[in-house]
Each structure stands twice: as structure tokens, then as C-alpha cells.
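Visitor: Sequence:
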Amino acid sequence: MTPRYEPNEIEQKWQRVWEDERAFNVPNPVAGEPTAENHWYQLEMLPYPSAPSIHMGHVLNYTMGDVQTHVRRRSGWHVVRPMGWDAFGLPAENAAIREGRHPRVTIEANIDRMRAQMKRLGWAIDWEREVAAHQPSFYRWTQWLFQQFVAHDLCYRKEGPVNWCPNDQTVIANEYVVDGHCERCGAEVELRNMTQWFMRTTAYADELLEYPGGDWPEKTKAIQRNWIGRSEGAEILFEVAETGDDIAVFTTRPDTLHGATFFVLAPEHPFVDSHASDEAKEYARHAGARPVEERAAETEKTGVFSGLHAINPVNGEKLPIWVADYVLMDYGTGAIMAVPAHDERDGQFAETFGLPVVPVIDEDAKLVNSGRFDGLPAEEGKRAIVAALEAEGRGKATVNYRLRDWSVSRQRYWGCPIPFIHCEKCGVVPVPEDQLPVILPDIEDYAPKGKPPLAQNEEYMNVECPQCGGPAQRDPDTMDTFVDSSWYFLRYIDSHNDEAPFDRFVVDYWLPVSQYIGGIDHSTGHLLYSRFFVKAMNDWGMVGFREPFARVFHQGWVTLGGTKMSKTKGNVEGPDELVDRYGADAVRLCILFLGPADQDMEWTPSGVEGIVRFLRRLWRLVHEVAAGAPESGAAGPLTRKANETIARVTDDILRRFQFHTPISAVMELVNEISAAPDAPDARFAAETAVSLIQPYAPHIAEELWGVLGHERLWEAPWPEADSAQLVRDTFELVVQVNGKVRDRFEVDASLSEDELVARARESERVRAHLDGGEPRKTVVVPRRLVNFVV
RNA sequence: GCCGAAGUGGCGGAACUGGCAGACGCGCCGGACUCAAAAUCCGGUGGCCUUCGGGCCGUGUGGGUUCGAUUCCCACCUUCGGCACCA
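Note that the first sequence ends on residue 825 in the working numbering; no numbers are left out.
Hints listed in this document are in silico derivations from the structure and should not be mistaken for laboratory results.
Treat the hints with care, as some may be off.
[Unchecked claim] Quick list of the computed label-pair ranges, beta carbon to beta carbon:
id	residue 1	residue 2	range
1	Asp757	Ala710	15 to 23 Å
2	Glu225	Asp250	39 to 47 Å
3	Glu534	Ser309	49 to 57 Å
4	Glu54	Pro752	33 to 41 Å
Glycine included, every Cβ here is placed at the ideal spot set by N, Cα and C.
Start from the sequences and build out the full structure, keeping to the hints where you can.
Guide: Quick look at the structure:
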């Protein structure tokens, strides 16, 4: 009598066994001892515990990683697969303010709940490596690393305009400004001048465009390329006629230099404030205060003549200098030479203000009106003009980037404290290493009030200067949470180390991450910053590799009602009720069966029914086969089907990174066994089905493995297809006439091409379409088809 | 505007290297079991026509290459995503 399939019972049972056995904990290699060569670091982006539940997007992400983990493990790889928490950050702080609880209390309760949910889904995670960004044992090293960046001149303080969200009362990074509004709260972003810490990401701009040894999606690379925005051009010096000062411009079109008819400064350009007319200064004050997005939205260009002129270094012409807000201070040099004939924006400006237009490139892309450069093709003209300028010290070829340095200061409470002290005498002084971490103090009032919450806490702020012992103040800001996530994957590898952030030997063993799975929305933030971190650490000798992630995969969004599931949209569907009703195995299978993992997919709980039906059928069938089928028997059709399924499933998961088709393949196998449960090879086929479904549904697979008389499927070798069994001795020959299928029948695989054609011509149906005539041409595809052309 | 991805049954999707379009699942229809229903099991299920043998059409649209195109090429349409006054 087959017992009932009770998912919750068997799932709890096996989860306990795996925990007791430490089945998915993996030791680090030890220096001096032999190490396994085939190691695999399976990583999915760490969750952000600002809500008390994981959602179906997490279930998709981590189940994919889990399938990889199981298949790799059972294929003989050493697999490390850790988990942790991106515990600092604004949403948690805002939620805490709303609920009147300390962010730590909220976050830790959320982490406990999410961890319990993860364990209930049975994911093969090495929980002994768990880290959370808000724990002092972690952020001690975040601070230590921050100081290293400063020491290596890759992190610095600068005053400059920053995006300020008046609602969240903090600076926000460029990537969180969407159409001039704060991505998180929607408030209109203002520009403010503040002194901030910046990571010098631009120092690696060129290198970030390359992916040595990396297998990254083209799409992601394109997004990063776009973000970095490398453009080759020239810097050219223009002398101001009235003052004798030189002002540099950046241009990608030095070939059009003779067509420059005016000159434009950004409103924020320092020369405006020092030398321009009062009217121009007045314009600059208004224009400069407005966000770029707002300026760009205007249809008409605005600007004011400054009263000054610039001398074109190539022909001595005097160009009026205008101040206009279509020129941006933080790209290039904040000044341009305007060539209205060949630049759309300059053209619009010239039209608005009646400025002359001089074409200098003809239809054949050759230079005209350009003095001695006339007749040169534009590309050659670029080089020739830059060379001429260079000879006179008036210009040089340069490369410019859209990428800005990464602003990392946040005027908020719930983040990693910045380990620096401001002393009037000594300046900005690092907190001595033996005093790290600078503990984030518990404070009563962390609501933003225009100045950082920590700044209001005198006990925290007032310290002795570590250098002179005089009175000094802590830095009141905290770090952007992308700093935490830029190195957490290194800490996982050595999370209990209290001597260093990590040991280089073990990190060099496991990294780069073999497979990183996460959302494509992190392409310009987290992924770029992590690459920057690793390149810098490699330069300092902390790690022996230069890229953190060898392979990257982006899962699609799980949508509900057509919109992407996320906390901010409020359409989060958690797994709890589904796991209660159907079990973790069903939920895991269901989310992966939804469709290709790299495409968006609409969450439809109705699909669960089909999966549950499949699991019950598998359950019944295995019990039936275990009770009735012979221990081992002659190979038959099921043997071949089982081997074909092994080949398909393995290839789909390991090579194609495709997770929904293997489920179909195992379903097919189970359907075939169901049709012949008494076959001599039914037991082998059933064992294969159970073994292949284990990465998806490890609990039921483990239970059924026991029913079939075996033990410890989680560490059983991954099945290998027997190539001898894959060879078919017959195949279905397709016969076409003029490319249309007219007949199909089984033939012996050993038949020659001539014999195949002969057999094809015997077919009544084919003859009917040949009309008794001779085919003009006959195409034979071995082991597939014969096509007659008439 | 620039860059990228994608368009296949009622639905999610499969078809990996140019060779049987629609695997697998959902839904729906019919049948078995049942007093009845649920569950389960069996069968059917792209459209149109049919003398029930089969025939024709069909992978966003229009062309092309090929014996043969969902797959390759050209043009276009639609949807989604990224970037965008970046000189």
C-alpha cells in the first residue's frame, strides 16, 4: 500500500538530516595541504532584509543557484554556496522610523524570518559562513577597507554639487535619480554643494570596459559601457581676448574646429563668476541651481552673452563667449567650442540667438572652409588638426568619460560609520586600526533633520584627535550600502576571521565567483563597484585576481498583475502559504517551470496544480516500481529514454543554464515509465528520474531514493549518460516531396543513402506526389530525411 | 534620437548546428470511476476544408537566399528594457 505523499513531513525530516550531517557545509582549503582543483563558488546576490519576507523573485533566484549547486556537487565539484544580508540602508531606516522601532530590531527580526523561510525551502546553503553588513564583526572590515582606499588615494573628499533628496534628507547617488526625482520616495531632487567622500572609480574607467576571462551577458556589458561612456577626442585651449586667460574645451570633433562660431561656458564654470558680465552671472545663478534633467526638458535653449571673446587657436577668429545651461559643468571641461553646422544642440542655440553657421564638412565627409586642411577626409582632419595644435601647445588628444567618481557619503543613520576624525589642527585623520570598528551608536532620534542623525549625538561626535590628542569630531556621515556589498562575497569565504577581512590564500582558492546570479538592475551600481573594489585590492596585493565574477546571469523579474514584484510596488507574494499547502519541492519546481529564467515571468499560482500532480504521480509510480519491478533487467526503450534524459538535463543545466526544460524532460521520462511500469528496466528508469529531479525537489527525491533501497542521494554521483545506450538502431525517416512532409516510417539506422532513397520511393503516399515522374533532384540527410524535388 | 532584447496555439512555453513546428505543462472538450461531486485515470485539443483517404494554410509583416527557413540575410511594424543637452 503506497503511503500518502505528505510533503511537510518528509521535508522537515530531511532538512533535519542535512543539518545534522552538515551536508552542505564545506571547509576552506588549508595552506600547505593538497587542494581540490575543481572548485565552484556559487553565489546569488544577497537579499536586502527590509521586509519580513522573501518573495517569489528570491525563490526563483536562489532555487536556480540551488540547482546549480546540487548538480555541481554531485558531479564532483567542491561547491561553496554562502548567504548573508545587505542589512544596512535607507528603506530599513525609513521603515523603522515609521514603526517607531530601532532599525536593528526591525532588521534582525526580518533576517530571522527570512532565514527561516530559506531553510524551509531546503536550499543547500553553508549557513556557517553567514554574514550581515550591520554586524560590527563585518563593518569593522568595511571601515578598514575604506581607510585603505583613502590611503591609496582611491577615496577622497571633495566639495561639489550633489543630488539631495529633500524628503529623505540625504544625498543620493546618480543611479537613484530618475527623471530628476528620487527613485525611492519620488521627491524632486535638488542640487546642493557639500563636502563628500568619493571613490575614485574613474581611475579604473578604461579597465572596467574589459572583461578578461569573464563570461558576462552582452547586455550587461553594453549597459556598463554606456554608463562609463568613454569617448575619444581632444582638449583644446582657447585664449580669452579680453583677459589673456586660457580656457580648455573638450571635443570629439576637432576636425570641425574651423566651423566654431561661438563659445559656451556652463553656468557653474568658475570663469563665469570671476569674469562674466553681471547679466551673465545673474543667469548662471538661476540656471546652475536647476537639476540637469529639468534643463534638458526645455525645448528652447537659453543663454546670455558674457561680454567676452575667445580666440580660435587655429585661425585667430574672435568668438563670442556665451553662458548657457545646455553645457554641463561635470562633463568634459564645462566649456565647449560651438559648431552649429555640425552639432544639433549648437545649431539650435545658433538659431535661437541668430549666430552664424559655417559648414566645414561637405557631403563627401571632407573638410572645407578649413584653410590648409581643406580636402582632408574628416577622420584624417581630426588627427592633422590635433597634431597642429599640439605642436603649438594649444591642444592634445584626450579621452573623456561619462562615468563620475562614486559618491559614498550618506547623511543618514543606518549605515557603516565613516572611520575618520576631523581635527582642526591635523585635518582628516583615520581612526587607528586598533580602535576599529567605530561602533554605530544606539541613538534615540534618528529621524533626518537636515543634518546627519549622528551629528546630533555629542557623545559620539566629540573625540580626541588620534594624532595630537586635542578635541576633534567624528565624521557624522555613514557609507553608501554599495560599499558593504562591494566586498561581502570576499568575506563569505573567511567570515570568522578577526585578524583581517579575509585570508588571501582561501580567497584566491575560491574566487573569482564561478557563477553569479542576480538582477540586471545592479549593472551600473553593485556590479561595477565590486569590480572596482577587486581591481584596487589586486593592485594592493590583497587578492590574486582582477575580476570578482567569472560568469554572470540575470534572472528575469517575477511579475504579479503585469508589474515587477517589489516591496515598493506593494505586490509581494511570499512563499509561505504555498509551502504550507503544497510543500517546498512543489514551490521550487513551480517557480522554475514558469519559463526561461532570464525572461520576465508572470507568477500564476495555478501552475502549482500541475506540478503537484506530477509529484504525486512520481510518488505513486516509484512506490509501484519499487514493489513490483525486477531488481535489474534487460535494457529496453526505457533505458534509452533514461539515458537521453540524463544527457538533456545535464546539458541544459550546466551548459545552457536553462532550468525549465529539464523539468519537462523528467516529466516525459516519468510519463513513459508510467506506460510500462512492469518493464525490466523500469526500476533503472525510475531511479534515474528520482536522481535527476533531486536538484529541483531534493526532499521527495531523497525519500523516494530510500524507497528504491538507496541512501544519501544528496551526495550520490550525478548520473552520466551511457553513450552506448544513446545510439539508436532504428530511426524515423521523414520523406518530403518539394520540402513538404509526405510520409514517415521507422527504418534501420544501418541503411545506406541509396537504400534510404529506395525505401522512400516505395511509399505509396510519396509516389502519389511524385506523379509517376522522376525527381529532378534528391536530397538525403543521413539519419533524418529524404527530400524529392520535382 | 542612440544602444539592447523579444514577437510561435486559448495561456506559459519547446524546437540546441538550416531538416517532422507546437515537446512539457495549464486550460478546455469527451469518457471511466461515483447516487453525485472532488480527486484520480484514459482519450482528444493550431486554423480552415474533407468524399474521413487526406488536402490547404500556419512561428509579427513584406521580400530574399536555399531542395528545405521559427532558425540565415534585407526592409518594416509592435512590445519591453537601458541611455539621453555627455560636446
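Visitor: All hints, please: hold or fail.
Guide: Structure-based check of all given hints:
1. Asp757 to Ala710: 15 to 23 Å: 22 Å, holds
2. Glu225 to Asp250: 39 to 47 Å: Between Glu225 and Asp250, where Cβ atoms are some 42 Å apart, the hint holds.
3. Glu534 to Ser309: 49 to 57 Å: With Cβ atoms ~53 Å apart, the hint holds.
4. Glu54 to Pro752: 33 to 41 Å: Between Glu54 and Pro752, where Cβ atoms are some 23 Å apart, the hint is violated.
Checked against the numbered hints listed earlier, the structure breaks hint 4 alone; every other hint is satisfied.
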